[in-house]
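Peer 1: Residue-level listing of the chains:
Number of protein chains: 2
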Amino acid sequence: MSDLERLVQDIAGIAIEDNPQIVKQKSRDFFWYSPVLKQQLDHVTGDLVVTPRNEAEVIQVLRACYAHDVPVTARGAGTGNYGQAMPLSGGVVLNLAEMRAVKQIRPGVVVAEAGAILSDIDEKAGAQSGQELRMHPSTYRTATIGGFVAGGSGGIGSINWGGLRDLGNVIRLRVVTMEAEPKVLDLQGEDLQKVLHAYGTNGVITEVEMPLTASYDWVDVIVGFKTFMDSVHFADDLGNRDGLLLKEIAPIAAPLPHDYFLRHQKFLRRETSVVVCMVAPFAMDAFTAFVARNPRAELLYRSDTATDAEKKGLPPAYELTWNHTTLRGLRVDPSITYLQVLYPFPNQVERVRKITELLGDEVPGHLEYVRFDGKVTCFGLPVVRYTNEERLNEIIKLHEDNGCPIFNPHRYTLEEGGMKQTDQVQLDFKRKADPKGLLNPGKMIAWEDPSYDFSSDKLFLFPGLQRGES
Amino acid sequence: MSDLERLVQDIAGIAIEDNPQIVKQKSRDFFWYSPVLKQQLDHVTGDLVVTPRNEAEVIQVLRACYAHDVPVTARGAGTGNYGQAMPLSGGVVLNLAEMRAVKQIRPGVVVAEAGAILSDIDEKAGAQSGQELRMHPSTYRTATIGGFVAGGSGGIGSINWGGLRDLGNVIRLRVVTMEAEPKVLDLQGEDLQKVLHAYGTNGVITEVEMPLTASYDWVDVIVGFKTFMDSVHFADDLGNRDGLLLKEIAPIAAPLPHDYFLRHQKFLRRETSVVVCMVAPFAMDAFTAFVARNPRAELLYRSDTATDAEKKGLPPAYELTWNHTTLRGLRVDPSITYLQVLYPFPNQVERVRKITELLGDEVPGHLEYVRFDGKVTCFGLPVVRYTNEERLNEIIKLHEDNGCPIFNPHRYTLEEGGMKQTDQVQLDFKRKADPKGLLNPGKMIAWEDPSYDFSSDKLFLFPGLQRGES
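Residue numbers (the UniProt record's numbering), protein chains in the order written: chain A, 1 to 470; chain B, 1 to 470.
Possibly wrong hints are sitting among the right ones.
Chain copies aren't distinguished; within one or between two, either way the pair holds.
Claimed, not checked - 25 Å max Cα-Cα, derived SDA-like pairs, lysine to any residue: (1) Lys266 with Lys311; (2) Lys38 with Tyr452; (3) Lys226 with Phe407; (4) Lys124 with Arg353; (5) Lys397 with Ala292; (6) Lys420 with Arg293; (7) Lys103 with Arg269; (8) Lys226 with Gln128; (9) Lys432 with Ala292; (10) Lys124 with Ile105; (11) Lys432 with Met284; (12) Lys432 with Arg293; (13) Lys312 with Gln104; (14) Lys103 with Asp217.
Everything labelled a hint here was simulated from the structure, so no lab data went into it.
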């Protein structure tokens, strides 16, 4: 009897899927936004998808996998873009999507199981208490709260609250360890750093406690500009208006809005760059006063005064932003890809100008304004008109040489996609919580190859990555 | 029959008070924080206090005052510190305190009559909808919303939302003009600038529409430090933590906390500088994690875990901050006064250090962290151990020479207490809305003396100021 067969025996009664087509489908995320990852990971699949209904079943699965040395890769909805939830060494894909209860809502706080969908949480919190989550990715309607916390960084709402990494944006994570007898830990305060954005490499998150803020019926707005830099100046100024409550500010360069936002095309000209905004309804008077101050700004669309006919079939504004911009682009032109850039404060506008000048329409601009360490600045998720990996790396280097760090979405490891250094806290926690190294193998370089030199330009290749031909 | 007698006849049925003691009392505010204003304004009094019950009565009063050339100075609770609501030329003190209805509460919005008390608004908004005003002065429990908008600038909550002057922090003001036939105007968006912080010199505010935000049962916290600069560094870092929801961050130099906060004295040592905070309850874990990172910080008091015995008799934390710090100081040592300083971003900490070094215990530091044009920086409301006006002016000059503008609380005019320049929008509006110049005379230099040179160091003396001996 193989390890897997013994495992299946040990977890009898828990939902298991072993149909290879379905297992492969549940082993994937949106890694294919990257032509590099597409080539590296396209063949990756787990052996089984296991779908626990509650924490007790999670414990049972981890205990059995530990006993039989089977890797476990936890997964929410698989909406990541870095291969976060892809089982590089096969084994069990631990599908948490059935653990989706919203367990408690009180002023400022929601407690939910890891598999709860973000928009479901907000629907319940809104109806019960007029509250919503502080931030969410553009995959709001499909992504899970556990997946967001384990594999995401911020998104719509980060203009007010910064990122998930910031103290206070997660209150508590309940985590099951991968040991002979799995432990259940409630991590709060400083301890959260152990498992936040660790891709589930050192524990399986079963429950999440998050801060809530006041919910509003956000108004979708598109403001048009003749040049991308006009849109950037507008967005930069807007983001610094302390009294104007917005949830999203995204400048996007022509011709992307017209070419990619097909449902909104009727409001857009091909030569128009835009800023996509979400504005609190009661702030619309102040917002339109702000727009009117700028002779270069033209209000192209606002959902609060649009007719039903105009609104028919339009996706929400947040599905034009963050990686939904890229997704809409890929649907129109599958040859493109993208990057993730930080334009550090206080030189963000000047650096955007420089990069735009250097790269023009090969890398059309797409910015996302956020608070970052207390200052308003922007990330870039520029579209890249992809030719080959060498040129992509040149473009990355060009950003870095101009003071704009890249969070490389063409790498599947925590470190290469992030800060390019060992996270000692997460590594130490993995030593205790996953002594056999069975959780999401291959994603934490510091674990796989302690001598790896992050300052080298070399790509980390996980030796345990199953090959396509295997 | 005198003008006043004719006026009284015209407004029969509206509440009038003419007892000189009561009229004088209702003609004063907290101008006496300033020894300079105390000398200049101590004798000031109106002739009558008129207390309308509704807007129709306000219109009736203004119509009659216009007809008989009687000055009108509108007043909320008289909690200002600049003599904002003091009738320099006598006439009618228009007491709006009876117009205190909270007329509408909906998501993000409250509509209230001008005389509504701030804490009353919040009590109603909290009970009905879990909401509260974005910001309030330390006189929360006595000040009116109309007075705050007409004579205030920000306060507790400004760390999140900036000041009242910022677009979006006031939604609508309903204003009655001072004409033969008074008009009622609803000002929104850009038009708000006409009457915001105009001391009622160009219209009488009868109704206010303000944004609301989520309300919480804020936790009062005092963190202690060995040096004032340690407390400033802590506060500066704290203010930039995007995920930590606080409503107030105020560093105060030793020995002020111990010497002035008598009810809290049991928690304080004389040599300890403090940061007074209000923290959202669900952020306390993250907040204590943040405090624990700083080996110089010591948590001295937190209301959420204090016993009833410890909490007995303590004022709320916000009544230790802004001008309540000064008020508590004046009760202990009537010889002190204060200043209002802006420490401009990004050099706020360095400038505080410089000023502290230069002035030491003659001007013990008290800072209030705020958002200002999108950046976190601080105002100062330092205590000044007052000797004479000449030295006070030297201290002011020393701040200005070190790049720290003073909003001089020893001046009663809009311009000298503010930006030291004509506000053309407000002046133009006064020309239309108060053609006879009867509203709060003497407060807008640009009206009284169009040729006044703001770059001179000369004090503006309103020729119409009634003299003590008159």
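Peer 1: Determine for every hint whether it applies to the structure shown.
Peer 2: For each hint, the structure was consulted:
1. Taking the shortest Cα distances, Lys266 and Lys311 sit within 25 Å of each other inside one copy (11 Å), while across copies they are farther apart (62 Å).
2. Taking CA atoms no more than 25 Å apart as the test, Lys38 paired with Tyr452 passes inside one copy only; the shortest distance there is 24 Å, against 72 Å between copies.
3. Taking identical chains as interchangeable, the C-alpha atoms of Lys226 and Phe407 are never at most 25 Å apart, the minima being 30 Å within one chain and 40 Å between chains.
4. Taking CA atoms no more than 25 Å apart as the test, Lys124 paired with Arg353 passes in neither setting, with 43 Å inside one copy and 49 Å between copies.
5. For the identical chains of this complex, Lys397 and Ala292 are neighbours neither inside a copy (39 Å) nor across copies (39 Å), given an alpha-carbon limit of 25 Å.
6. In this homomeric assembly, Lys420 and Arg293 come within 25 Å of each other (Cα to Cα) only across copies, at 24 Å, whereas the closest approach inside a single copy is 43 Å.
7. For a Cα distance limit of 25 Å, the shortest separation of Lys103 from Arg269 qualifies neither inside one copy, at 46 Å, nor across copies, at 44 Å.
8. Within a single copy, Lys226 and Gln128 get their C-alpha atoms no closer than 44 Å, and across copies no closer than 46 Å, so neither meets the 25 Å cut-off.
9. Taking the shortest Cα distances, Lys432 and Ala292 sit within 25 Å of each other only across copies (24 Å), while inside one copy they are farther apart (58 Å).
10. With identical chains, the CA atoms of Lys124 and Ile105 are at most 25 Å apart both within one copy (8 Å) and between copies (22 Å).
11. Taking the shortest Cα distances, Lys432 and Met284 never come within 25 Å of each other, neither inside one copy (52 Å) nor across copies (28 Å).
12. For the identical chains of this complex, Lys432 and Arg293 are inter-copy neighbours only, at 23 Å across copies versus 57 Å inside a copy, given an alpha-carbon limit of 25 Å.
13. With identical chains, the CA atoms of Lys312 and Gln104 are never at most 25 Å apart, being 35 Å at best within one copy and 32 Å at best between copies.
14. In the homo-oligomer, the alpha carbons of Lys103 and Asp217 lie at most 25 Å apart both inside one protomer (24 Å) and across protomers (22 Å), since each shortest distance falls under that limit.
Hint compliance for this structure: hints 3, 4, 5, 7, 8, 11 and 13 are not met, and every other hint is.
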